[in-house]
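Asks: Chains Z and V, in that order, give the protein sequences. Everything in the first sequence is counted per our numbering, starting at 1 for the first residue and increasing by one. Everything in the second sequence is counted per our numbering, starting at 1 for the first residue and increasing by one.
For the record, the hints were derived by calculation from the structure and aren't laboratory data. Take the hints with a grain of salt, since some may be wrong.
[Said to hold, decoys possible] Covered stretches of chain Z, as calculated for chain V (at least 3 residues, CB under 8 Å):
{"#": "1", "segment": "28 to 40"}
{"#": "2", "segment": "149 to 160"}
{"#": "3", "segment": "216 to 229"}
{"#": "4", "segment": "263 to 272"}
{"#": "5", "segment": "302 to 311"}
[As the list claims (entries may be wrong)] These stretches of chain V come out as covered by chain Z in the derived footprint (C-beta under 8 Å, 3 or more residues):
{"#": "6", "segment": "2 to 8"}
{"#": "7", "segment": "104 to 115"}
Ideal placement from N, C-alpha and C gives every residue a C-beta, glycine not left out.
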Amino acid sequence: MSLRDIINKNLTHWVSGNGPDNDIVLSSRIRLARNLENVPYPNRASAEEKAAVSKSVIEAISQQNEIKLHYIDLADLPEVEREVLVEKHLISPIHAKEGMEKGVLLNDNETISVMINEEDHLRIQVLIPGLQLDKAWEIANNLDNLLEARLDFAFSENWGYLSACPTNVGTGLRASVMVHLPALNLTNNIGKVLGAVSQLRLAVRGLYGEGSESAGNIYQISNQITLGHTESDIIDNLKSVTTQIVSQERQARKLLLQEQEIEVKDRIKRSYGILKYAYRISSEEALKLLSNVKLGIDMGIIEDVDQGVLSELMVLIRPAHLQKIDGKELTAAERDIKRAELIQTRLNM
Amino acid sequence: MLCQRCGKKEATVHLTKIVNGEKTELFICEDCAKETGQIPFNGNDPFSFQNLLAGILNPELNSFSGIESELKCNRCGMSYKEFTQQGLFGCAYCYDTFDNKLDPLLKRIHGSTRHNGKVPKRRGGTLRVKREIEELRQELQREVERENFERAAELRDKIHDLEDKLGGE
Chain Z
1 MSLRDIINKN LTHWVSGNGP DNDIVLSSRI RLARNLENVP YPNRASAEEK AAVSKSVIEA
61 ISQQNEIKLH YIDLADLPEV EREVLVEKHL ISPIHAKEGM EKGVLLNDNE TISVMINEED
121 HLRIQVLIPG LQLDKAWEIA NNLDNLLEAR LDFAFSENWG YLSACPTNVG TGLRASVMVH
181 LPALNLTNNI GKVLGAVSQL RLAVRGLYGE GSESAGNIYQ ISNQITLGHT ESDIIDNLKS
241 VTTQIVSQER QARKLLLQEQ EIEVKDRIKR SYGILKYAYR ISSEEALKLL SNVKLGIDMG
301 IIEDVDQGVL SELMVLIRPA HLQKIDGKEL TAAERDIKRA ELIQTRLNM
Chain V
1 MLCQRCGKKE ATVHLTKIVN GEKTELFICE DCAKETGQIP FNGNDPFSFQ NLLAGILNPE
61 LNSFSGIESE LKCNRCGMSY KEFTQQGLFG CAYCYDTFDN KLDPLLKRIH GSTRHNGKVP
121 KRRGGTLRVK REIEELRQEL QREVERENFE RAAELRDKIH DLEDKLGGE
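Okay, chain Z solo, but in the shape it has when bound (with noise of 0.2 Å):
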């Protein structure tokens, strides 16, 4: 099998797809909490009421034929393949912990899943390419819309949806888009930009790291709060202010070509070199390094290597990626030789 075949057999849509906006907001996603209203949450349910959960939720989606789901029991899947669910961020790390009666509906091409037994009894996901987080939340609402009509949702006038945890509470939703920020890092910009950000009631973190150090330049941003605005006013703000850091970040890439031609194409050439010709590499160093080869590539100073790079190889060259792929057990050491072989691979497809 080529790697073309293995990458196209193992990319979920997000990476795979493209998207308005696609070269600086990777993904969009929409995550609703929901409950049933008389059964304990997953943290206090006996696992005969967890199992009650996912027979009826189950039973709700083979009730309707619109949205085609199907369902993976955790306890069915070995470790790695869970750890590959987690990596295409279609499940949370929490629920990949091993655990009783806890599973996951997928769609066919993984835009949608809905995670069964999280902290919550039902998270609805839906995770599209680029910026479009109205579609992904007409698609999210059509699902809560037909599971609603079979499930008894816990619903309160007041605080809304319940949820087990107080900070979910009322729409269950959040909302977050992944972007891709490196111009705002190399002209010393994003402390700025992220300090203004949180002002907004919008939470950001680094995808890989803590606070502003971000490996890979990747952040997430997402509502804070989930109570007391409406769905499509904390879709707007978020978007709203996504679009303001894509124009912030074309900005300061043109800006960087201006003043500082020289270092700024020096920079991505070299990343470019040490990702060819590497014989092993952490992931650390590797986003790194493939953060700077996509600036290259939006900007046009990579001519030989599609857009797409980024996305696919931050999901690919995780470790149970690596291993699905290679078929067998790695360690460490062993993931860092797999993991700079692929990319070179990759790079020269």
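Using the hints, position chain V against chain Z.
Replies: Just chain V, lined up with the frame of chain Z:
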């Protein structure tokens, strides 16, 4: 490769430390990594929301009278004290049980204490109707200002119908 610390288990954690420009590499197993506190693992993160929430709420425990600290959900058995320690409700009925404690907490988290978003069709109770009445009242106001009395009368009847519906339940 075996763990360089205990020499027993498979090394699954590759640790690279750079201190003052000096790089050290370590291959250790997950247990040793946890034990030496090298990596923050999920579940015991001191800055997790649950731990922060417990920190916010615990001072309030001091002001509790005996009765309040005994506050317990009838359905799932979760006590208010447990809730403040875990930061998670035990079931949907805990919200009603801890009702008078919730507003300050929700205000602190969300800056608001009332839901304004989506109302489910089947389970939304009277909220859907109430919202509809609210919207019709605003429309009525606008039509009256425009002196569009025919339409205003229609709206008034519609509002009365909906109010009857609410009263009848």
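Asks: Now, for every hint given, state plainly whether the structure supports it.
Replies: Hint check:
1. 28 to 40: n = 5 at 8 Å, threshold three: holds.
2. 149 to 160: Satisfied; 10 residues make the cut.
3. 216 to 229: holds (count 5)
4. 263 to 272: n = 0 at 8 Å, threshold three: violated.
5. 302 to 311: violated (count 0)
6. 2 to 8: violated (count 0)
7. 104 to 115: holds (count 9)
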